[in-house]
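Hey, can you work out the whole structure from these sequences and the hints?
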Amino acid sequence: MDQANSSPTPMVSTSKLSQSSGCAIENAGDYRSIVGALQYVVITRPDITFAVNKVCQFMHRPLDQHFQAVKRILWYLQGTIDYGLKFKKTHTLDVVGYSDANWGSDVDDRRSTTCFCVFLGGYPVAWGSKKQSTVSRSTAEVEYRGLAHTVTEVVWLESLLSELHVVRLQKPTIWCDSSGAVAVAANPVLHSKFKHVELDLFFVREKVSDGKLVVGHIPAHKQVTDIFTKPFSVSLFTKFRSYLKIVQKHSA
Numbered sequence: 001m002d003q004a005n006s007s008p009t010p011m012v013s014t015s016k017l018s019q020s021s022g023c024a025i026e027n028a029g030d031y032r033s034i035v036g037a038l039q040y041v042v043i044t045r046p047d048i049t050f051a052v053n054k055v056c057q058f059m060h061r062p063l064d065q066h067f068q069a070v071k072r073i074l075w076y077l078q079g080t081i082d083y084g085l086k087f088k089k090t091h092t093l094d095v096v097g098y099s100d101a102n103w104g105s106d107v108d109d110r111r112s113t114t115c116f117c118v119f120l121g122g123y124p125v126a127w128g129s130k131k132q133s134t135v136s137r138s139t140a141e142v143e144y145r146g147l148a149h150t151v152t153e154v155v156w157l158e159s160l161l162s163e164l165h166v167v168r169l170q171k172p173t174i175w176c177d178s179s180g181a182v183a184v185a186a187n188p189v190l191h192s193k194f195k196h197v198e199l200d201l202f203f204v205r206e207k208v209s210d211g212k213l214v215v216g217h218i219p220a221h222k223q224v225t226d227i228f229t230k231p232f233s234v235s236l237f238t239k240f241r242s243y244l245k246i247v248q249k250h251s252a
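The numbers in our numbering rise by one with no breaks, and the one at position 218 of the sequence shown is 218.
These are computed hints drawn from the structure, not numbers from a lab.
Be aware that one or more of the hints could be misleading.
[Stated by the list, open to error] Simulated crosslink set (DSS-like; lysine-lysine; CA at most 27 Å straight-line):
#1 LYS88 - LYS249
#2 LYS245 - LYS88
#3 LYS171 - LYS212
#4 LYS212 - LYS222
#5 LYS130 - LYS86
Structural data, given as structure tokens:
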């Protein structure tokens, strides 16, 4: 691994990992050990969140293609060993969340991926990518499930800041690139297609109607959390990585 070439991204943009393509590996224990360690690396390197979340899904029976994906993550980290989150002094500590989803993205069971990222004072403090436990029947449904989870993260952070008596100038804003999910968040009418996510629906609406937060629409090309839903080409990955405030140590 020391002599291996570095990779420009943690995952190939055309990657379609599955449970059936490939051969079983002999060193499954090594796979689980490395992936387990990578979950700790994600704590300070949000740019590998999606890739690590993906390889975690094959812990029970890793195949050679999965191990190759793990090696690529390591090659990427090797090439960006001097990269990391950089926080600068800020005069405001407003909370901003981003929520996104990739509908039916899993090739094995068509379950979706949802993700979130929460910024405090312009810098990321919480993020995550997760494969949903159930199949969503529409893009709007999975986007709303993801939105509800992001609201939970934002509400928790707001509660913590209140306990610490931290002054915020604005109420929290959550950005979502699904215009349908944004519209439903402020609409008191329950549409029949959302009845199976009723709890999530009312939870988000309650926070919006109580004035606790705002849910707004953002164009897809500005959606920070897109990097948590799928692999990207080098140019797009680099752009979204910069949104996460990940820079080289010697850069300004």
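Hints, verified against the model:
Between the alpha carbons of LYS88 and LYS249 the distance comes to roughly 13 Å, so the proposed pair stays at or under 27 Å and holds. Distance restraint check for LYS245 and LYS88: the Cα-Cα separation of roughly 10 Å lies within the 27 Å cut-off, and the hinted pair is therefore satisfied. Proximity of LYS171 to LYS212 is assessed by CA-CA distance (about 7 Å); at most 27 Å being required, the pair is judged to hold. For the suggested pair LYS212 and LYS222, the alpha carbons sit about 24 Å apart, so the restraint of at most 27 Å is met.
Pair hint LYS130 plus LYS86 holds up; C-alpha atoms about 25 Å apart against a cutoff of 27 Å.
The structure is consistent with each of the numbered hints, conforming to all of them.
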